[in-house]
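In order, the protein sequence lines correspond to chains A, B, C and D.
Per my numbering, the first sequence starts with residue 1, numbered consecutively.
Per my numbering, the second sequence starts with residue 302, numbered consecutively.
Per my numbering, the third sequence starts with residue 621, numbered consecutively.
Per my numbering, the fourth sequence starts with residue 937, numbered consecutively.
No lab work stands behind these hints: they were computed from the structure.
Keep in mind that a hint or two might mislead.
Taking lysine-lysine and the BS3-like style, the derived pairs with C-alpha atoms no more than 30 Å apart in a straight line are [as the list claims (entries may be wrong)]:
(1) Lys89(A) x Lys225(A)
(2) Lys89(A) x Lys454(B)
(3) Lys290(A) x Lys160(A)
(4) Lys9(A) x Lys89(A)
(5) Lys89(A) x Lys31(A)
(6) Lys502(B) x Lys1044(D)
(7) Lys502(B) x Lys89(A)
(8) Lys55(A) x Lys502(B)
(9) Lys1284(D) x Lys1044(D)
(10) Lys140(A) x Lys55(A)
(11) Lys1331(D) x Lys1125(D)
(12) Lys160(A) x Lys134(A)
(13) Lys502(B) x Lys1284(D)
(14) Lys282(A) x Lys11(A)
(15) Lys1008(D) x Lys502(B)
(16) Lys55(A) x Lys269(A)
(17) Lys270(A) x Lys137(A)
(18) Lys1044(D) x Lys1008(D)
(19) Lys449(B) x Lys55(A)
(20) Lys13(A) x Lys502(B)
Spelled out from the first residue to the last, the chains are:
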Amino acid sequence: QDLPALAVKDKYKVGFAQTESNNPWRIAQTKSFQDTAATCGWDLVLTDAGGSAAKQVADVDSMIAQGIDVLFLPPREESPLIPAVMRAKAAGIPTFLVDRSVDPNVAQAGRDYVSFLGSDFIDQGGRAADWLIKNFKGDKGVIVELEGTTGSSPANDRKKGFDDAVAADARFSIVASRSGDFARDEGRKVMETLLQAHADVNVVYAHNDEMAIGAIQALEAAGRKPGEDVTVVSIDGTRDALQAIIDGKMGVTVESSPFFGPLACDTMKKYAAGEKIEPWVKVEDRIFTKENAAEHIGEAY
Amino acid sequence: MKKLLGDGHVAVWVALVLLIVFGTLRYDNFASAYNLSSFLGYNSMFVLISVGMCLVIMTGGIDLSVGTVAALASVVAAQLSPHGLIVALPAGLAAGLAAGALNAGMISGLRLPPFMATLATMLAAKGVALRLSDNRTVPVDWASDFTKLGMNKVGAVLPWTMLIALVVVVIAWVIVERTSLGRTVLAIGGNAEAAHLMGLKTRRAEIFVYVFSGACAGLAGVFLASGYGAGQPLEGAGWELAAIAAVVVGGTLLTGGMGSVPATVAGALLFGVVFNLLNFENGRGTISLSAHWQSVIRGLFLLVVILLQVRLARPAAKK
Amino acid sequence: MNLRLDRQLTGLLAALAVLILLNMAVTPNFLNMQTLAVNVSQVATIAIVALGMTLVIASGGIDLSVGSTMAVAGALAPIIFLSDWAVGSPGLGLAASILLPLIVAGFCGLFNGVLISVFGVQPIIATLILFISGRGIAQVLTNGNLQTFHNPSFTWLGTGRILGLPVQGWIALVLTLVLAWTVRRTIYGRYLLSAGGNERAAIMAGVPVARVKIATYVIAAVLAGLAGLIVVAINSASDAARIGQLMELDAIAAAIVGGAALAGGRAPILGTLLGAVFIQLMGYTLIANGISDEMTLIVTAVIIAVAVWLQRGRRA
Amino acid sequence: MSDPLLQMTGITKAFGGVPALSDASLVIQPGEVHTLVGQNGAGKSTLIKILTGVYRRDGGTVRWQGREIDLKSPREAQEAGIATIYQELTLVPQRTVIENIVLGYEPKTRLGMIDWRAAEARTRDVLSRFGIDLDPHRALGSYPTAIQQLVAIGRAASMDARLLIMDEPTSSLDEREVEVLFGVIRQLKAQGTAVIYISHFLDELFEICDGATILRDGRTVGTARMADLTKLDLIAGMLGRSAEDIRRAGMTELAGSGSAQTEGRPVIEAVGLSTGHRLRNLDLTVRAGQIVGLAGLLGSGRTEAALALFGMDPLTSGRMALDGHPAAITSPRGAIAGGIGFLSEDRKTEGIIPDLSVRENLTLALLPRLSRMGVIDEARERQIVEQFIRALGIKTAHMDQPIRQLSGGNQQKVLLGRWLAIEPRFLILDEPTRGVDVGAKREIQAIIRERVEQGCAILLISSEFEELIEGAHDIVVMQDGRSVARLSNPGVTEDQLIHAMAAGGAA
Ligand SMILES: Nc1ncnc2c1ncn2[C@@H]1O[C@H](COP(=O)(O)OP(=O)(O)OP(=O)(O)O)[C@@H](O)[C@H]1O
Ligand SMILES: Nc1ncnc2c1ncn2[C@@H]1O[C@H](COP(=O)(O)OP(=O)(O)OP(=O)(O)O)[C@@H](O)[C@H]1O
Ligand SMILES: [Mg+2]
Ligand SMILES: [Mg+2]
């Protein structure tokens, strides 16, 4: 194994190259790393790529130049961050990918970087679909899908996971699939419009909770009853979504936790101690429904 | 020397040098070869689009499409990367040229306002990039020689991309300073109607600047694909503003008619240095700036540079 | 001038008519009240911001900071009405949560205006400063967090209806009429067009150009602030990172499609409203008819180019 | 006789349905200096622009050196051998003098690059022909209008054209430069270059031109040898009235504007005015009911003096009193509020708001008085504008026409209207009759006289000696930014004035 080793120290200079800070999920993730820095003995070097993969690589470069000990990297995209991973490796810096991975054909866990900590976006979409298939009562499901930012990997993966699973059930048809840019306002606008064109919609699948909430607002404004005549399923597990579930407006949200800090600290310590790290440290995403929403809302962001 | 720095555009050079000195003194490894070469590599793209933008702005126009055109070019280049640099580079460049020609056609042929014409191209280029790439980033072929362009360096420090960008800068500079075409570019910006009545080939110059800007964006896209291993349909957001800011900080008037190519390069590098400094500052751990504070600081920095420039440029302009 | 503008308006009206006819033919449920309400509610914010943008463009400037100003105002409102003081006295709290953000927005405009007319900074760069920083300030104010709330009286601004149509639609309409009148009939309007048409000549004719420009940026910023409040009200949530994102482009596009010229000197207010409606309706048509996102971009580009070409005045 | 060089026949052109030319023709022989005369708005500039491809004609034919041609752009016209100085200064103020002279025809090195050394040499050559001494590396815009005008002429004259067109080239030149220009024209003529020369200074026409074509309301109404014409014939042709009528009305309207007004109270008193802009030391008093002329060579600082009095340029020293009270005038707005008006010499950049209508341009300075609580009283506005359009004889389709569509002379009248409308106590007129036809010039002069008789104080800056000597009660002579002499009418002669301007302080 030619991965760089990590000495056991009290203090580490740790780089966290965030991709962007324009949504609550990312902000919660950053905060989680900042909080962990205090408890885990990190000097945290934090950068923000503002949504640009190229800038993220440049950010990683500047961290390498500053001589960090460890790199935590949520790669903005699968391919463009490979140079960053490779350069960190060349500089002898162990790298952990967080929440998204890189192209496995080029860079591999255990060889080029230590491990990928995260969940599986495709699986998240699939689980949302599974819940829907199991819990949908009617005999014809007319689905509107609100996609994330066009071209982004979570949007592509969450779409694939859901669409494939739903295709297996003849009751369902997706009548419209449209980007709401992961944002509440945009999700609402798109839903308002689609509702006019497809009055028979009775299922909404949103790639994140913000858009789901926007869709619920649109449904209510149009006089529909989300939760009763329209089933809303989504991904993330935000506080607002859990509240909507408690209020009976939303069916399910598949957790996609942003709280990576503790896991990161833990994994890094194990690695320093010489333990073998799995190439994919899976984050166990829970699923929030009416049954458990109330008990978890306190820990949601 | 005055010519080299760009007449009366001292402020931007002063600011650039001061920041570099500041960074070198304050941070370890700021002036290391590693940091320098990654800085130059990343900013080669911005130098390119800023120079393209500079010529456009000299005519009094604007090109909002540079960012998405670069993204489109990166997709095209990445898709053709298995055929090697020899195919992918010209292909990406051609994509940029095509977009530039489209802009030129709308602006010079149909007489659409540059703002709207290039806004349309901005949207269309993004749409085409997403379409071509099927909404995904397009991995390059790492086995081909395509990535050498973006990854390799001349000597230890100077990336090929920056070298090429500088060659383009020199070409642009010579065109502006020493050719009839370049002078016509400036004349259009000064007074388009007068330039036409003076019998200058205004249409040719107008077409030239948009095609040139498109070509610069296309080349930047090739650098993007080659240096970052992927065609990225979503990259390039906000590049047009970065380029405009670089041009203006370099002392070029948005109303056209005046401007300096070298000072524009300094302007582009200046913004790169600020990003780099902020990253290093965060690493010192004294204050950990959240991303939000960083944007506040960038704005303040821009304010300072602009006010400095206003102060320094005023007496010069009046004399 | 009236004749020329009227001809432009006619072109735009024709384009709108074509779009409406097309929709009647292909878009399901197009002719119903809810469709109208949806479009009105969605166009209102763009229209309100575009009105201010039209004035700024008429002065020969441009304002990139409108989106950030929306974010600042939008972030501030919930902070105010969620504060203990406002919870204690809801009436005053509500008033403050509307007025204070508008005042702060006005200060953003003042900042732009002073940079431009006192320091002589070029508008695109002067407003780029707040474009970059303003959103950062809004995020700092909220620590980047999404603020969600339940406040029916504030939310009315975004979800209420008057005569079956959304409140914000009426606001946009009233503002359009007021501004159209202002441009045509007041000294401010005349000064604005003079300052944008030929600044030096205006100064020499006694036009207080600096004051007029500052006022214009303040008006644009207050209108943007209002739009920010409306967005927050509709969503019952304020996300500083997203409020008003890319709004500057929409607003500029609406103004130019409506007949404004970036060189300044023209303020076709009614045209701007129609321009905003045109852009809104175009988006609606594409979404409602299931055009894919990437095709939407391409089609939008073509339509914008054609629309501008059809009613192109002189070059901007 | 051989083929004429140029033959334009039956040219028609309408702008948005309003005809500008209805049947214009023009014949130019090789090597002749030919003038095109007509009132403001007669269509002179339009005809030129059609010839040089700026506008497309609606009908008619153009033959050039015997062949029918259809030029589509100024570039094509230049390539065919037609060089033009348009009425609106068409140069690029931000660029250097060198560039403005060589642009489009730059000397090249073997590599195809501009040879700046040769360009500078050519520029100096051209400038020295006109006796101008300036820094050719400076932006053209930093020089006064007259210099810019000379540069434009120099550029056109250096193009080796077969036909050189000059649309009001002397409007901002003083007598000395006009002489230099004529020298150049004679030189060109000797080389076989034909010249079309448009000017509202009729004396110039008789001095330099061989033939004339008279245009009235877009129609060619006559063409003749200059030698066969009298001034009266020319005017009569332009105005479409009989020579008798004109003779009876007299030639200049400023003449004999009452006896010397030395007793009126001083409206404006300036002592030792200096600005950062080359105004060194100006003493000036203008009394109510008095016209004070300001004379001086090009660059003597007359315009700067006006700018200082009007609050455009901040004073570095000196003081001013208005109506006997010390006044600090720091902005045009303040000046206007104090009852001062200023008609600038540079109509295009300091006068018109091109997109606004005639009405809106005319009332711009008056607005504060036309509005209540910021709302304009449009009915009163229209009434006032109506009145001025009639009084000044402004030729416009309607008062809501954009001012940029008006001919130059008519734009000037609108601007004069702007200042008369505020009923100023003190009115500064910088070249007020520039580009105004003889008929209108008289009307304008009459209006000025009327205002003076009503007690208005006027500072008249003019490069026309006739206007100064006949019109002004007193003439202040400037040199290098200083007032060096004050001559009192009646009794000032042209020689005296020239002497004072050149020698300074002698009188
Ligand atoms: N671009 C235009 N649009 C509309 N009308 C125009 C335009 N250009 C000229 N005109 C009109 O055509 C007529 C002729 O104008 P032109 O400029 O040729 O007059 P001119 O004889 O040169 O007058 P002057 O002596 O005042 O320069 C005028 O009535 C003018 O208003
Ligand atoms: N022959 C010249 N060579 C160089 N500079 C000149 C020349 N003539 C004028 N200038 C410039 O113009 C300045 C003054 O111009 P100004 O406009 O005040 O003159 P003026 O007397 O008003 O003449 P006019 O009324 O013709 O414009 C001078 O200080 C100088 O910079
Ligand atoms: Mg004319
Ligand atoms: Mg003068």
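Hint-by-hint comparison with the structure:
Of the pairs offered as hints, the one joining Lys89(A) and Lys225(A) is violated, with about 53 Å between alpha carbons and a cut-off of 30 Å exceeded. Of the pairs offered as hints, the one joining Lys89(A) and Lys454(B) holds, with about 19 Å between alpha carbons and a cut-off of 30 Å not exceeded. For a cut-off of 30 Å, the pair hint linking Lys290(A) to Lys160(A) stands: about 26 Å separates their Cα positions. Restraint check: the Cα-Cα separation between Lys9(A) and Lys89(A) comes to about 20 Å, which is no more than 30 Å; the hinted pair holds.
The suggested pairing of Lys89(A) with Lys31(A) holds, with an alpha-carbon distance near 26 Å, which does not exceed 30 Å. At roughly 16 Å between alpha-carbon atoms, Lys502(B) and Lys1044(D) fall within 30 Å of each other, so this suggested pair holds. At roughly 55 Å between alpha-carbon atoms, Lys502(B) and Lys89(A) are farther apart than 30 Å, so this suggested pair is violated. Restraint check: the Cα-Cα separation between Lys55(A) and Lys502(B) comes to about 40 Å, which exceeds 30 Å; the hinted pair is violated.
A threshold of 30 Å between alpha carbons decides the hint, and for Lys1284(D) with Lys1044(D) the separation of about 34 Å lies outside it, so the pair is violated. The straight-line distance between the Cα atoms of Lys140(A) and Lys55(A) is roughly 46 Å, outside the 30 Å bound, and the hint therefore fails. With a C-alpha separation of about 35 Å, the suggested pairing of Lys1331(D) with Lys1125(D) is violated against the 30 Å cut-off. Among the hinted pairs, Lys160(A) with Lys134(A) is consistent with the structure: their alpha-carbon atoms are about 19 Å apart, no more than 30 Å.
With a CA separation close to 24 Å, the supplied pair Lys502(B) and Lys1284(D) stays within the 30 Å bound. Our distance criterion of 30 Å between C-alpha atoms is met by Lys282(A) and Lys11(A), whose separation comes to about 26 Å. The hinted pair formed by Lys1008(D) and Lys502(B) meets the criterion: a straight-line CA distance of about 13 Å does not exceed 30 Å. Between Lys55(A) and Lys269(A) the CA atoms are separated by roughly 29 Å; this keeps the pair inside 30 Å, and the hint holds.
Distance restraint check for Lys270(A) and Lys137(A): the Cα-Cα separation of roughly 47 Å exceeds the 30 Å cut-off, and the hinted pair is therefore not satisfied. Only pairs whose Cα atoms come within 30 Å are accepted, and Lys1044(D) paired with Lys1008(D) is accepted, the gap being roughly 27 Å. Note on Lys449(B) and Lys55(A): the hinted pairing holds, with a Cα-Cα distance of about 19 Å set against a maximum of 30 Å. Restraint check: the Cα-Cα separation between Lys13(A) and Lys502(B) comes to about 60 Å, which exceeds 30 Å; the hinted pair is violated.
When each numbered hint is compared with the structure, violations occur for hints 1, 7, 8, 9, 10, 11, 17 and 20.
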